[in-house]
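As you go down the protein sequences, you meet chains A and B in turn. With our numbering, letter number 70 in the first sequence gets 70, and the count goes up by one each step, no holes. With our numbering, letter number 178 in the second sequence gets 178, and the count goes up by one each step, no holes.
Quick caveat, the hints were computed from the structure, so don't treat them as lab data. Watch out, some of these pointers could steer you wrong.
Here are some of the chain B residues that sit facing chain A, going by a computed Cβ distance under 8 Å [to be verified]:
| id | residue |
| --- | --- |
| 1 | A19 |
| 2 | P20 |
| 3 | H21 |
| 4 | V22 |
| 5 | G24 |
| 6 | F27 |
| 7 | R28 |
| 8 | Q114 |
| 9 | E115 |
| 10 | R116 |
Computed Cβ-Cβ distance ranges for the label pairs, DEER-style [unchecked claim]:
| id | chain 1 | residue 1 | chain 2 | residue 2 | range |
| --- | --- | --- | --- | --- | --- |
| 11 | A | P18 | B | E58 | 45 to 51 Å |
| 12 | B | D126 | A | P18 | 42 to 48 Å |
| 13 | A | S36 | B | S71 | 35 to 41 Å |
| 14 | A | Q69 | B | R142 | 25 to 31 Å |
Cβ atoms here follow ideal geometry from the backbone N, Cα and C, with glycine treated the same way.
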Amino acid sequence: MNNPLRILQTLDRHLTAPAEMTLFGRAALALGYPNSPAAFAATHDVDAILPLTWLAAEDQNLDFWQAQQRTNAELEPDGLYLTHLFRELEVILTPDWLNRRVR
Amino acid sequence: MELKDQPAEATLARRLGDAPHVSGLAFRLARLSGAGDQLVEWLFKVAVERGASHYRREFDPALPPDNPSVSDEEIGIALCLGQHAYNLDNLRAAAQLLSSPRIDAERLCRFAVQERCEPVILHLADLARRFALELQPWAYVREHLDRRPVPRTEALPHWTRLVSHTGVTASNGPAHTDWLCRNE
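Sequences are here, hints too, so could you generate the full structure?
See below:
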């Protein structure tokens, strides 16, 4: 069971338009690296970084927020959630982090 | 503007030395209530109307009315979000609103984890223990909510700000201190 994958697949189902997310933390390690510790896949949530430019375009991101709400409602019985979304100012990053993300 | 030039905001999270997240709960409530940028004022008003009566005051008449579809737990947690500008009264009102056996303690704990309010909620629960050991939901919170330490807690309410204290009684009896429970 890969909880981060399930959370993101659920989010994907609820999105009506393409959306990009920058993951970090255990979910990123579980999904981005093939030999990551199995415990990382057992995390109950997905942490993500929100660029300032994305946050500034609030009205353009309604689909994401609505999809997030529906995702959390659907996954609530299993204790999974997607709520820990951080502004880039709150995370220790390199200045050009946007260009150095692993896809 | 470069990241290093961004002004440091006096948020609750910053006062705690914590990192605030962007709350989808706040986003949803701001739109659902119609309060928009006045979300915190609306949350406070609703908390008072629902029983945090100790903090009753004049509110902007333009604030939208209460929305029954928003649960007490959501109101209480939303008042404790780290992203808000630091205001002790927000936490005090949340404490009184949430001090009710009608609160779904399990749901409160779940929201506290999702919205990273564990330090605030556990602080309130720990203080409640001094005055009402069995009071729910705080007894449940102390037992079931995992602690997430933050560097600083002095910004959280002192116990004297969460109780009703009677220094002198009519019968010359002893001083009496009661935890402020929801007025219901």
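message: Let's test the interface hint: is any C-beta of chain A closer than 8 Å to that of B/P20?
response: holds (6 Å)
message: Hint B/F27 vs chain A: min CB-CB distance below 8 Å?
response: At about 5 Å, which falls below the 8 Å cut-off, the nearest Cβ of chain A leaves the hint on B/F27 intact, so it holds.
Residue hint B/R116, partner chain A, criterion CB-CB below 8 Å: holds (7 Å)
query: Measuring from the C-beta of B/H21 to each C-beta in chain A, is the shortest one below 8 Å?
result: Since chain A brings a Cβ to about 5 Å from B/H21, closer than 8 Å, the hint holds.
- request: Can you let me know if the beta-carbon spacing of A/Q69 and B/R142 is within 25 to 31 Å?
  value: holds (30 Å)
- prompt: Under the criterion of a CB-CB separation shorter than 8 Å, is B/R28 in contact with chain A as hinted?
  reply: Interface hint status for B/R28: holds (6 Å vs cutoff 8 Å).
task: With chain A as the partner, please determine if B/G24 meets the hint condition of a C-beta pair closer than 8 Å.
output: holds (5 Å)
field: CB-CB spacing for B/S71 and A/S36 relative to the 35 to 41 Å hint
entry: holds (37 Å)
message: Quick check on a hinted range of 45 to 51 Å for A/P18 and B/E58, using CB atoms only.
response: With a Cβ separation near 47 Å, A/P18 and B/E58 satisfy 45 to 51 Å, so the hint holds.
query: If you take the shortest Cβ to Cβ gap from B/A19 to chain A, is it below 8 Å?
result: holds (4 Å)
message: A closest beta-carbon separation below 8 Å is what the hint needs, so does B/V22 meet it against chain A?
response: holds (5 Å)
- prompt: Hey, does the B/E115 contact hint survive, CB to chain A under 8 Å?
  reply: Holds, because the Cβ-Cβ distance from B/E115 to chain A comes to roughly 6 Å (cut-off 8 Å).
Checked against the numbered hints above, the structure violates none of them.
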